[in-house]
Amino acid sequence: MTWEILNIIGTIAFAASGALVALEEEFDFLGVIVLGLATAFGGGIIRNLLIGVPVDSIWEQDVLIMIAIGTILLIFLFPASWINYYWEKWGSFFDAIGLSAFAIQGALFAEQMGHPFIAAMVAAAMTGTGGGIIRDMLARRKPTVLQKEVYAVWAMMAGLLIGLGYSQKLPALMLLFVTIVFLRMLSLRYGWKLPYRKIH
Amino acid sequence: MTWEILNIIGTIAFAASGALVALEEEFDFLGVIVLGLATAFGGGIIRNLLIGVPVDSIWEQDVLIMIAIGTILLIFLFPASWINYYWEKWGSFFDAIGLSAFAIQGALFAEQMGHPFIAAMVAAAMTGTGGGIIRDMLARRKPTVLQKEVYAVWAMMAGLLIGLGYSQKLPALMLLFVTIVFLRMLSLRYGWKLPYRKIH
Amino acid sequence: MTWEILNIIGTIAFAASGALVALEEEFDFLGVIVLGLATAFGGGIIRNLLIGVPVDSIWEQDVLIMIAIGTILLIFLFPASWINYYWEKWGSFFDAIGLSAFAIQGALFAEQMGHPFIAAMVAAAMTGTGGGIIRDMLARRKPTVLQKEVYAVWAMMAGLLIGLGYSQKLPALMLLFVTIVFLRMLSLRYGWKLPYRKIH
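From first to last, the protein sequence lines are chains A, B and C. Note that full-length UniProt numbering gives residue 181 to position 181 of the first sequence, counting from 1, and the numbers run on in steps of one. Note that full-length UniProt numbering gives residue 192 to position 192 of the second sequence, counting from 1, and the numbers run on in steps of one. Note that full-length UniProt numbering gives residue 117 to position 117 of the third sequence, counting from 1, and the numbers run on in steps of one.
Source of the hints: derived by calculation from the structure; they are not laboratory data. Because the structure is a prediction, the values reported are computed rather than measured. Cβ coordinates follow ideal geometry from the N, Cα and C atoms, glycine included. Any given hint could be a false lead.
To be verified - Some but not every residue of chain C turned toward chain A, in silico, with C-beta under 7 Å: (1) D28; (2) L30; (3) E149; (4) Y196.
Claimed, not checked - Covered stretches of chain C (in silico footprint by chain B; criterion: 3 or more residues with CB under 8 Å from a CB of chain B, positions within the stretch not fixed): (5) 39-46; (6) 89-100.
To be verified - Once the Cα atoms are required to be at most 16 Å apart in a straight line, the calculated EDC-like pairs of lysine to aspartate or glutamate come out as: (7) C:K142 <-> C:E25; (8) B:K142 <-> B:E25; (9) A:K193 <-> C:E26; (10) C:K169 <-> C:E111; (11) C:K89 <-> C:E25; (12) A:K169 <-> A:E111; (13) B:K142 <-> B:E88; (14) C:K193 <-> B:E26; (15) C:K142 <-> C:E24; (16) A:K198 <-> C:E26; (17) C:K198 <-> B:E26; (18) C:K142 <-> B:E25; (19) B:K198 <-> A:E26; (20) A:K198 <-> C:E149; (21) C:K142 <-> B:E26; (22) B:K193 <-> A:E26; (23) A:K142 <-> C:E25; (24) B:K142 <-> B:E24; (25) C:K198 <-> B:E25; (26) A:K142 <-> A:E25; (27) B:K142 <-> A:E24; (28) A:K142 <-> C:E24; (29) B:K198 <-> A:E111; (30) C:K142 <-> B:E24; (31) A:K142 <-> A:E24; (32) B:K198 <-> A:E149; (33) A:K142 <-> C:E26; (34) B:K142 <-> A:E25; (35) A:K198 <-> C:E24; (36) C:K198 <-> B:E24; (37) B:K169 <-> B:E111; (38) B:K142 <-> A:E111; (39) A:K193 <-> A:E149.
Only chain A is shown next, with the shape it has when bound in the complex (with noise of 0.2 Å):
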């Protein structure tokens, strides 16, 4: 049940974070919506894809889909200012939640595969960046979880310790999500960086 809120916020913020660059971008309706549901489900199929879990089960979750595109369309019909007011005050919250779920969900689909741990990485890095990335992609941007803040990192760090066996009870779970988001949070607060550097 838990698990399911979490589920669902993620969904709404990833697939608003879609909407908004499409409406950025100055696509059409129909730009909006496709941005926005190729954000929310993007990292997921991809994940399946790749470790294995048939991409069609995506269609079972047809109340997380119908739930997407309203958020989609409320998007596409609020007040720009009132858009600009709440997404920049609780925007990056949202996303923070949508990562975190986002991350922890794709580690254990990897390890219920029974993948090596490197598996279960990759699939809470694609879980939880996939979409944005794709959304990147597709509104010809510079894909910047690539590029900016420690964002992956964190999904990353829950995929390795699910990987490496830390408990799949739910209070662990509920623990390791929490601290994903508040890390998220500390590190956008703080404008944290991973290392890059210039070889030109």
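Using the hints provided, position chains B and C relative to the given structure of chain A.
Just chains B and C, lined up with the frame of chain A:
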């Protein structure tokens, strides 16, 4: 039989549009072939992936693949003046046939797999427009189907109708096919656009 | 055994090329790892998808994944002057080994799945060049293999021969491997280009 002819016309139109974009972007000979094939078959491949049809069933379509390669070779060899003349005159019409035939085919596939009607809509849209999206991403263009004109909507309308139980008998499907082609040509003729909005 | 060594060299070359492009685009540490892995394994993943090999068989290659990550870490830590020196000197040669080994491997996979020879050509081309195409798309570059130099053609030649029944015994495959590497280096040395044409 009728169905196969529509499929062939659609494949030719999509292969040609991929090859022409590749020429415009000054891709080399192989790039022209790759972009042509990706445009003709990319939508169907993603559709198969999403609705659980084995992706490698593509290789059973070897006649269609040969037709697509033949089309691409012709485009590469034709005098530029012919291309510009005939493509401007007939290109949109062939493309509308491809959109309509592929969308209906995609929706039928999704129905046969027993997925909910939203899957039929997505399958119709992906089959009809996915190739064009892949084409634009490989050519580093913004996907036009997400930005301009009423295009994918007609595919989704076909998907919605079939997903809601529209007759799958041939005469009914032919009526739907002609209607989609007609609506697409109408929307092009009168410059219909989907709503869009600015948020900045 | 020989085969595994070629596979390792190819993986190292492709992982390094992905990591270097990521550094040039100023991706952060994680972006460098993602682009390196996507370049090394992306072609094989798409190939598996297209010819019907389970995509999650990738996780059985855990030694190769570790080698790729090790390569990427080294690239990230090496002094820039070394990178520029050695990559310019040996990069193309390693890359040619990767192209040749991956192309032959891809064609063999397609043959084992019992697909027609056109599948062997596509599988060879995707395995040899797909990683580079994904790399360029994530870095927002035009895919160079579709635009410049005679590159993918050699992969397709390997695919065509194997698809038409070329011997799959090790000595014959080694001969093919060396020939492809040689032709690729020749086409680089003499700046061979595929035909292209302008239509405007």
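The hints, checked one at a time:
no.	hint	result
1	D28	4 Å, holds
2	L30	5 Å, holds
3	E149	22 Å, violated
4	Y196	24 Å, violated
5	39-46	violated (count 0)
6	89-100	violated (count 0)
7	C:K142 <-> C:E25	14 Å, holds
8	B:K142 <-> B:E25	14 Å, holds
9	A:K193 <-> C:E26	13 Å, holds
10	C:K169 <-> C:E111	14 Å, holds
11	C:K89 <-> C:E25	21 Å, violated
12	A:K169 <-> A:E111	14 Å, holds
13	B:K142 <-> B:E88	21 Å, violated
14	C:K193 <-> B:E26	13 Å, holds
15	C:K142 <-> C:E24	15 Å, holds
16	A:K198 <-> C:E26	7 Å, holds
17	C:K198 <-> B:E26	7 Å, holds
18	C:K142 <-> B:E25	9 Å, holds
19	B:K198 <-> A:E26	7 Å, holds
20	A:K198 <-> C:E149	28 Å, violated
21	C:K142 <-> B:E26	11 Å, holds
22	B:K193 <-> A:E26	13 Å, holds
23	A:K142 <-> C:E25	9 Å, holds
24	B:K142 <-> B:E24	15 Å, holds
25	C:K198 <-> B:E25	9 Å, holds
26	A:K142 <-> A:E25	14 Å, holds
27	B:K142 <-> A:E24	13 Å, holds
28	A:K142 <-> C:E24	13 Å, holds
29	B:K198 <-> A:E111	44 Å, violated
30	C:K142 <-> B:E24	13 Å, holds
31	A:K142 <-> A:E24	15 Å, holds
32	B:K198 <-> A:E149	28 Å, violated
33	A:K142 <-> C:E26	11 Å, holds
34	B:K142 <-> A:E25	9 Å, holds
35	A:K198 <-> C:E24	7 Å, holds
36	C:K198 <-> B:E24	7 Å, holds
37	B:K169 <-> B:E111	14 Å, holds
38	B:K142 <-> A:E111	37 Å, violated
39	A:K193 <-> A:E149	5 Å, holds
Of the hints listed earlier, those the structure fails to meet are numbers 3, 4, 5, 6, 11, 13, 20, 29, 32, 38, in rising order.
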